[in-house]
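Chemist: In order, the protein sequence lines correspond to chains D and F. For the first sequence, position 71 (counting from the first letter as 1) is numbered 71 according to UniProt numbering, and the numbering increases by one without interruption. For the second sequence, position 50 (counting from the first letter as 1) is numbered 50 according to UniProt numbering, and the numbering increases by one without interruption.
Hints are not guaranteed to be accurate.
What the hints assert, rightly or not - Mimicking DSSO-like on lysine-lysine, the simulated pairs with C-alpha atoms at most 30 Å apart in a straight line are:
hint: 1; chain 1: F; residue 1: 315; chain 2: D; residue 2: 120
hint: 2; chain 1: F; residue 1: 392; chain 2: D; residue 2: 120
hint: 3; chain 1: F; residue 1: 392; chain 2: F; residue 2: 370
hint: 4; chain 1: F; residue 1: 155; chain 2: D; residue 2: 232
What the hints contain is simulated information worked out from the structure, not anything from laboratory work.
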Amino acid sequence: MGFRHKDIIALKDLTREEITLLLDTADSLSEINQRDIKKVPTLRGKTVINLFYEASTRTRTSFEIAAKRLSADAVNITASTSSVVKGETLSDTANNLLAMKPDIIVMRHAVSGAHEYLAKRVSCSVINAGDGAHEHPSQGLLDMLTMRQKFGRLDGLKVAIVGDITHSRVARSDIYGLTTMGSHVFLAGPPTMMPVGIERLGNVTVCKDMREAVDQADVVMMLRIQLERQGKTLLPSMREYSRYFGLNPEVLTLAKKNAIVMHPGPINRGVELASSVADCDQSAILTQVENGVAVRMAMLYHVCGGEPVE
Amino acid sequence: MNLLIKGGRVIDPSQGMDAVMDVLIADGVVLELGQGLSAPEGTPAIDATGLIVTPGLIDMHVHLRDPGLEYKEDIATGSRSAAAGGFTSVACMPNTSPVIDSKAVASYVINKAKSEALVNVFPIGCITKGGKGESLAEMGELKEAGCVGVSDDGKPVCNSELMRRALEYAKGIGIAVISHSEDLALVGEGVMNEGFVSTELGLKGIPWAAEDIAVAREVYLAEFAGAPVHIAHISTVGSARIIRNAKARGVKVTCETAPHYFTLTDDAVRGYNTNAKMNPPLRSAADVEAMKTGLADGTIDAIATDHAPHHPDEKDVEFNVALNGIVGLETSLPLSLKLVEEGRLDLNQLVSLMSCNPAKILGLDRGTLKVGAVGDVTVIDPSKEWQVEAAKLESKSKNSPFLGWKLKGRAVYTVVKGQVVYQA
C-alpha cells in the first residue's frame, strides 16, 4: 500500500497500516545514516522549509539532517527572525512561503491546530513538528520505532507515560500511535496535569500512583516538566514533583527486567529522571534521538509520494 | 403608520391570547384586535393566513460595534440583520470604542439609531467607568440618556463590593443590571470548554465552575442587596440549577441563554473551528439539555443572541488568537423554533422568551399587542425552509457556526410602529 496523505498532522489520523509503513520505511532508511556518505538522491530538487515558531534544537536539526540526507534543499526559518514579530499572520506567512514553491513545510507552532489551519490553506505538504499541546507525530513515531526495535513488536506492550500529560503533545501522539498499534498505555502524573477524559483516547489507563503505572511496564516514558509553564498553581515544588513522579532506580525496579527508559528530551536531570537512570543501560534516550532522523526521513519521503530509494 | 394584519394566529402571552384574528395598527399603535376587522381605504394589509403573529421580538443582548468598530457592524447593518431575524427591538452592549459609559456616547447611539436603524435600538451602558471594574459609571445620567440597562458585558465586575454597590445603586434609579458572570482566574488562558474535546485538541479549557461560581456570587449579592440582577448568556447545568434554586426562594434573578448554547456542544470546535469559539464556550451535551429544561420550566427568562460580529481577519486565524463570538440575529428564531418542533417549548413560551420577558426585564413598553401598545409586530412562517448562507446574511459579518445549515421557520414580516421594515 502507498501513503495517501498530503500532510502528516496527527497520529490520530493514521491507520495501523500507515504507521507500520512509516516505521518500516524508517527502519530501511536508517541504514543510510550508518554509511560513510550519508546521502541519497531520493528527494533531489525538492524544497523543504523548516518553519519553527517555537524554540527547538533537536527536532529542527533532526528534520534538517533528514531532508539533507535525502538530498532535499532545506531552509530554516525561526520565529525570532520571521515576520511574526512584524505582525504578519500565519495565513500571510503561508502564502508568501508558498509563492516560493516549497514542496514541504515542516512547522512547529505554539498553538494547537495551527497545522490543520495551515494545511487547509497551502497546496504543498505540511508536516507537524509539534503544535501546542495537541500532537507531535514525528516524536510519536520515533518513540514507537525505538520500542519496536527493542521488543520486535508494539502489540501487547505495557507503556507507562509519566508526567505533565495535560500540556504534552508527545503524550497525545504516543497515546494515539501506541494504542492504534496495540499497546496498552498507563498514565501517571499530578492530578493537576491529567486532562479530562484522557482515558477515552484509546487503550489507556490512568493510574493514581506512578508505581502502579511502572509496575511490569515494558517501557517507561518520562515527560519533560516545563519549568517555565507550570506557574505557581500546578505543582507545590519541583522537589515534591521529583519525589512522587520522578524516576529513580528504586521505582525502575518495578518495571520488567528488560524494560527501557525513554524521554523526549531535553531532560531536567534530577527532576523527571535521576541522573543515574538517564545514563543507565536501560536508557534508550539517545537511541530515540538517532531514530528521529530516520523517522523524519520516512515522513518527508512519503509525503513526497514515495519515489524509490536508491 | 397604519397596517392591517389579517387572519394570523395571534400569540400574545402578555394578555393570554392565542387565537386567529386580525390586528389593526393605526398611527404606529395597536388600535384593535378581533375578527373581520375593517380598515380605512388604502390601509396596507398583510394576509397572515397560516402564519403566526406575535409582539415584536426583542433581542436584549447584541453588539452593534458602533461607535468605533464599524468595520464589524454598524447601527444600520446591525438593525437590518435584526429586522431580517424578526426582531423589532435590540438592546446593544456598551463594549464599543469608546465604551458607552457617558451620556454623550449613549446619545450618539440613540441619535444614530433614530436616523439609520430599521428597528428600535436601546443602548445598555456600562456598570463601571470605562468598563474597567474600578468605580461606578454615572448610571443616573445613562438612564436619563436612554440606556435601558447597565453591564460591563464581555467581562465581569470582579470586585464583589463594587458589584454590591452597583446593584444597590441601580435598584434605586430603576435600571437593570446585567452580569457577565465569569471567574477570570479560573478561565485563565482557556479558549474552549474544558472537557474531552479540549483534551483531544490540546486546547486550554475553561471549566464550568468558572461560570457557576460567578453566577452564585451574583445571586448572593442580589439576595443580600434585595436588588434584581440579570445574568447574561448562561451555559451550564450549574448556572441553571443555581438560578432555579434562587428563584424558588424569591431572589430577584433573571437570566438569558443564547441559541448556540441549546443547539451546539463543544464538538463544534473540532477542526479548530473558530466560528465555534465564543465566551462562555460551547459546553457539553448535559449543559445543552439543561438549557432546554431551563427554558421550558421558566428558570431561563429570555433567549438572547449575544450577536457578536467579527471581521473575517479576526476569525480566519489560529484558534487561540481568534476573537470570541458569533453573529446570531438571523438564526435565533429558527433555532428557537426547533425547540417547539421538538416539543420542548410551546409557541406561547417561545414568544415570552423572545419578546415579553426581555421587555419586562429591561422595563420596555414593548413585548405586547395590547390595545394602545406600540405597533411592533413579528409575523412568522414556522414552516418556511431556508438555508443559512453568508452572502444572504444582512449582518456585515458572517461569523456563524450555522452557515450551510438548513433551518425551518423565519420571520416573513417585521413591523416596527406599524411599518413593514422587513419582508422575506
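Chemist: Hint by hint, note whether the structure agrees.
Modeler: A quick look at each hint next to the structure:
no.: 1; hint: F:315 <-> D:120; result: 15 Å, holds
no.: 2; hint: F:392 <-> D:120; result: 25 Å, holds
no.: 3; hint: F:392 <-> F:370; result: 34 Å, violated
no.: 4; hint: F:155 <-> D:232; result: 24 Å, holds
The structure does not agree with numbered hint 3 stated previously, though it agrees with all others.
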